[in-house]
Structures are given as C-alpha cells and as structure tokens.
Amino acid sequence: MNELLQSLIRGLGTGSVYALLAVGFVIIYKSMRVISFAQPAFMLTGAVLVSYLAVEVNFYLAVLLGAGLVALLALVVERLALRPMVGKPVFVVAIITLGVDIVIRVVVNSFIGREVRQIGDPWGLDTFRLGSIPVEKRYVAMMVTTAVLVTALFVFFRYSRIGLAMRATAFDQEVALAQGISVGTVFALSWAIAGALAAVAGVFVGTGAGVDQQTWIVALIALPAIILGGLDSVPGAVLGGLAIGVVQSLVGTYQGSYAPWLGQNFAVVAPYVVMLVVLLIRPYGLFGTREVERV
Amino acid sequence: MRGRPELYTSYEQEMGLLNTPAKRAAVAGLIAVALTLPFLLQDDLLQLLAVGFVAAIGAIGLNLVTGYAGQVSLGHAFFIAIGAYTAAAISGDPDKRVIGYGITFLPLWLLAAGLVASLAGLIVAPLATRLRGLYLAIVTLGLVFLGEHIFKEWSELTGGPGVGREAAVPEMFGYRFDVDGAFFTREQKLYLLMFVLLVIFALLARNIARSAVGRAFAAVRDRDIAAAVIGVGLTRHKLLAFALSSFYAGCAGALLYTVTGFFDPGSFNLLLSVQFIAMVLIGGVSTISGSIMGALFITLLPRLTRELPALIPAVSAQSTGAVNVFQIEAILYGLLIIGFLIVEPRGLFGIWIRVRNYWKAWPFSY
Chain B
2 MNELLQSLIR GLGTGSVYAL LAVGFVIIYK SMRVISFAQP AFMLTGAVLV
52 SYLAVEVNFY LAVLLGAGLV ALLALVVERL ALRPMVGKPV FVVAIITLGV
102 DIVIRVVVNS FIGREVRQIG DPWGLDTFRL GSIPVEKRYV AMMVTTAVLV
152 TALFVFFRYS RIGLAMRATA FDQEVALAQG ISVGTVFALS WAIAGALAAV
202 AGVFVGTGAG VDQQTWIVAL IALPAIILGG LDSVPGAVLG GLAIGVVQSL
252 VGTYQGSYAP WLGQNFAVVA PYVVMLVVLL IRPYGLFGTR EVERV
Chain A
24 MRGRPELYTS YEQEMGLLNT PAKRAAVAGL IAVALTLPFL LQDDLLQLLA
74 VGFVAAIGAI GLNLVTGYAG QVSLGHAFFI AIGAYTAAAI SGDPDKRVIG
124 YGITFLPLWL LAAGLVASLA GLIVAPLATR LRGLYLAIVT LGLVFLGEHI
174 FKEWSELTGG PGVGREAAVP EMFGYRFDVD GAFFTREQKL YLLMFVLLVI
224 FALLARNIAR SAVGRAFAAV RDRDIAAAVI GVGLTRHKLL AFALSSFYAG
274 CAGALLYTVT GFFDPGSFNL LLSVQFIAMV LIGGVSTISG SIMGALFITL
324 LPRLTRELPA LIPAVSAQST GAVNVFQIEA ILYGLLIIGF LIVEPRGLFG
374 IWIRVRNYWK AWPFSY
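So the protein lines, in turn, are chains B and A. The first sequence begins at 2 in the working numbering and counts up one residue at a time. The second sequence begins at 24 in the working numbering and counts up one residue at a time.
Calculated from the structure, these hints are not laboratory results. Treat the hints with care, since some could be wrong.
[Unchecked claim] Among chain B residues calculated to face chain A with C-beta under 7 Å, some are: (1) F92; (2) G100; (3) Y160; (4) I163; (5) G264.
[Unchecked claim] Sample of chain B residues at the chain A side, in silico, Cβ under 10 Å: (6) M86; (7) I96; (8) V101; (9) D102; (10) V107; (11) V108; (12) I228; (13) L232; (14) V235; (15) L263.
C-beta: ideal position from N, C-alpha, C; glycine also.
Could you put the whole structure together from the sequences, leaning on the hints where they help?
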C-alpha cells in the first residue's frame, strides 16, 4: 500500500511537470494550429539558465528571471522564424520549429558541457513524512507550482482583455482580425507563455537529478499527454499530463515484477504506448474537438 | 519532327522519363561522370559518396510518403532499423552470439529487408489512415521511441546498446563487395554497387510518381476530400504510400551499414529521422532528383565542416573545444532547414530550376 501511494505521489509530481509542458504545446496549437517542436529546447534553456543564475541570486528569483528570459527568447524565435511563415502549410511550420529546436539545443548544450549541472534548488531529495509515507518535497513543490500557474492562466484567459483576444483568435483567426484583434500579438504572446511554462518545467525536471544533454527528451513525453487530453484543450492537457505521469510512475514501480519481459526502462516509453492505444480508440483525445469536414 | 525536338505529338512523349534532348544529354553525362569518379577520387571520399547514394534511396522513400502523398512521417528511422536488422540477421554468421542465418546472397536479403519493413509500414498505416497532419507526425515520433526501446532490449538480435552487431554481408554469386579484390578496392566496389542500386531505385520511384498511383498520391496530398470525391481510394493509397516508403527505407537500412560494417541500436534515433526530413526538404519536396541532391548534400556536409578549423582558427576540431565542428554541423542542419523553408521551399531542385530558366531565356530576363 505504501509503495502504491508513494508511486502515485511521484506520478502526480512528475505528471504536473508534464502538464506544464503540455499546456505550453496546447497554447501554441490553439493560436497557430501548429505543434511546436521547439518546446524541448525552451525547457532545456530554462533549466540551464536557472542553474547558472541560482549561483548568483536567490533560487526563486532565478526561476522568475529564467522564465522571463526564455519567454523573451521565444518572442525572438517567433518573430524571426515563425512570423514569415504565417499562412503556410502547418507541416512546414512544424518542421521549422524542429530546426529551431536543433539550433537552440546545440548552443545550450555547449553551456551544459559533459557533466551533469545541478539546478541549485532548495529541495534536493529531501523528504517529509505524511502519515506513514515519506514524501519528497520536490513533488509537492511541482504540484503546488503547477496548480498556481494553471489557475493563473485560467484567470488570465477568462477575465483579461488580451486573454479574451487569445480565445477569439483560437476560435477563428479571420473573424478575430475583423474585430480589431492583433493576431500577431496573440501569436507572440502565446509563444512567450509557452516558453515561460517550459522554462519552469525545465527547472523541475532538473531538481534532484540535475540537467545533462539528454534531459530534453523528457519534454517530448508531453506529446502523449496532449494526444490523450486532446490537442486543443487546456484542461485536457493538464489531466493528460497528470495521467501520463501516474501511468509512467506505476509502470516504473510494478512492471519489473509483473511484466519483466517488457525490458528494463519500459517506463520511459510507456507514455507512447498509451498514446497509440488512445489514438486507436479516440483519435481526438478525451477533450479535443472532433474535426468536422465540410465538402 | 526533325529539328524540332520539343514538339510533342502524343501524351506518352510528353510524359516520357527523359522528354527533352537536354535531359537525355544531362543524365548520360551525369552517369558517365559517376562511373569515372571511382578511378579519380580517394577511397575515403568514395566511401562517403557510397553512403550518400544509400541515403538517397532512403530519402526517395521518405519523399514518396511525405512529398508525393503528403503524409508527414517522423518515423523513417524505425523502418530503416527494421531493414538493417532483417538484412543483418539473414546474412549474419550463424555461429556468432547474435541471430544470423548465413544467407549472404545480396538480392535476397535486400528484398527481404524491404518486404519486412513494408510489412511494418502496413501495420502502422491503419493509424495513419485515421489521422491527419500533425497527429500523424506525433504518432510516427512515438514509433521511433518505441523502436529504440525494442532494439535496445532485444540484444539477441541487435547485440545490445554500445556493442552492436556486424552489418549485412554484400555478396553475389560468390563475389564479395566488401573486401579488396584483384581489380577494385573495397570502396570502389561498394561505390559502384550503391550507384547501380540507386539508379534502379530512383528509376522505379520516378515511374511510380508519373503513373496513375503517383497522380493519386498527389491528389490525396493536395486535398484529400476532393480526392475521395473524384474516386481516389484514400485508405488504399495511404496504405500503399506507407508500404512503398517503408520498402525503400528497409532497403536503405540494409545497405547503409554494409559500408561502415558495424552498427549499434542507439543510432536509430529521432536525429536520424530528422536528417532524412532535412534531406527531403533541402533537396526538394516531391522530386526524385531533389532527394538525391539533398541526400548527397547532407552526407557531404560533415566533410565540409571538417575543413573549417583550417579556415577559421576559432573553430576547434576536437569535441571538447568551445566552438567545435560538431556543433557547427548540428546548427547548420537546423539553420539550413529553416532557411530553405523560408527562402526556397522547393529546395536545391528549385534553385536548379531558377538557374535553368535564367539561361533558357538568356539574354532576356523572361
């Protein structure tokens, strides 16, 4: 029982990191109808920036600064590489983000070097006891941060003018333009938000273990999460992220003893198996909008 | 008709493979140059070109599914891996620690590799027929990760990560292509073998592209609903596109590692898929000659960047330097993809078309 609860908490913790990443993917998808393959690079950049900044200033300030800087980077990328491609086929734009990802990651990798960089977070692998089970503090920090950020985003989309503009653009770009909404600003803002979310997620991915040159692959696990939740649903992304985190953690705990024939580290690819199954049963995810074709 | 070579009197003539005298001359010239190269170039460059030719076969395969049929696939590395392992298992030494059946006859393992890969393609394709666009891209990306996991775990077949196994043995009627012979060196033989195979595969693909199947692919790509309305079977053609593309990928995978002789399950990762995407995009989407140009360009790129330290002293040739050739190479992939997509979406083939049109009308501007 203890093992199960611990595994669940670990799953919810990492799942909330996936949720942050997934929300970033969904926000970009809603505004531009493109999946941005540059998210792993933003995540890595955030983690590495914080690992350098945390030495100089307070950790929490470093996270804020890091998220801000990555948001700026995302703005620059959007302006230079994405804006010229507005109106081109989505596949082409997606491949451009793939190119952006490669370029940024190479630059960031040279700042990581060969060894593992520590983030400098205050949690490390410390635990406290909740009843009879030991809980790692970093998982609680992940869950709380995600809850706060997602609530803030919800309030932003629901009550602010620019949030309303973003929802309108997601609904119909041309009509939004006709109402006087600057769609360009919406694109830029969605990239900035996604970049900042990815940076925060990167910090949490790096807590405990630190960041190295392979860390970026974690960001791709958000893809099964958004498929599970539906590409264009923010609540779906959050739930999908949590679900994928829990599945991964449970598989990691029990697969070794119940299904050893699946091989070591099967937990790493379990999200992709979930994704394939979901696509076979519900191609548009749990909360996604079904595409309607007019002929 | 004499003296008016570009006057077509029938549809067949216009749709011909080499429908102008200039094309006929250019192709004959290129083949002649390619056949004399092994006697002029150094062995290491020949080896690189041989790899480039095999990569071109793979790129043509990806272009069939992504360029002609419009189905985005990031899973090319997976099918290449299947081909590579099928061929290596069939031709491998039965007495070694990894699976091997000892049948080294080249056409047999090449065909088997292609067929097994295209079977895998057919298994994946039902997902593809239900999904469109970026959903498909994500699924095929997941495929690469699953494949990597399977190949790393199945060490009886693959030798396990970091160890790897020997590649397929290229042999035909007792003639080995991968050892130095009396007349040719190993590299010269492999170069010529790969060149002949590339010509065969390219010709096949070109013929597919200009036949009814190719036109159906283009219809599915441009507007699938309209294609369905005029009677193009969507499911059938998507399945066919995936099967064909995986067949090419399987053959390319089988051949790719015979040149280097050894391969490791870690090499079939997302980067390999991205390299093939880059070949197709930089070469030219939905052109066969473009795929070949792109594949040669991407394969020769590392060779070019390796010359950089001699020119710019700040660039280091070691992987430990602050700015080294490996980083520049990776950045160039990214920048070239972005640059070509923004500035010249038709790729190298498009540049060639521009040059050709300029000289066609010269000295007038149009």
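Structure-based check of each hint:
Below 7 Å, beta-carbon pairs count as interface contacts, and F92 (chain B) has one with chain A at about 5 Å; its hint therefore holds. The interface hint given for G100 (chain B) is met, as the beta carbon of that residue sits about 4 Å from the closest beta carbon of chain A, less than 7 Å. For Y160 (chain B), the interface hint is violated, since its Cβ never comes within 7 Å of a Cβ in chain A; the closest pair sits about 31 Å apart. Checking I163 (chain B) against chain A: minimum C-beta separation of about 26 Å lies over 7 Å; hint violated.
Below 7 Å, beta-carbon pairs count as interface contacts, and G264 (chain B) has one with chain A at about 3 Å; its hint therefore holds. Among the interface hints, the one on M86 (chain B) holds; its C-beta lies about 7 Å from the nearest C-beta in chain A, closer than the 10 Å criterion. The criterion of a C-beta within 10 Å of any C-beta in chain A is met by I96 (chain B), whose closest approach is roughly 6 Å, and the hint holds. Because the closest C-beta pair between V101 (chain B) and chain A is about 7 Å apart, less than 10 Å, the hint holds.
The criterion of a C-beta within 10 Å of any C-beta in chain A is met by D102 (chain B), whose closest approach is roughly 7 Å, and the hint holds. This hint holds: V107 (chain B) has a C-beta 4 Å from the nearest C-beta of chain A, less than the 10 Å allowed. The beta carbon of V108 (chain B) comes within 7 Å of a beta carbon in chain A, closer than 10 Å, and the hint placing it at the interface holds. Restraint check, I228 (chain B) versus chain A: the minimum CB separation of about 6 Å is within 10 Å; hint holds.
The interface hint given for L232 (chain B) holds, since its Cβ lies 7 Å from the closest Cβ of chain A, which is under the 10 Å cut-off. For the restraint placing V235 (chain B) at the interface with chain A, the shortest Cβ-Cβ distance is roughly 18 Å, beyond the 10 Å limit, so the hint is violated. A distance limit of 10 Å between C-beta atoms decides the matter here; for L263 (chain B) the minimum to chain A is near 8 Å, and the interface restraint holds.
Consistency with the previously given hints fails for numbers 3, 4 and 14, ordered from lowest to highest.
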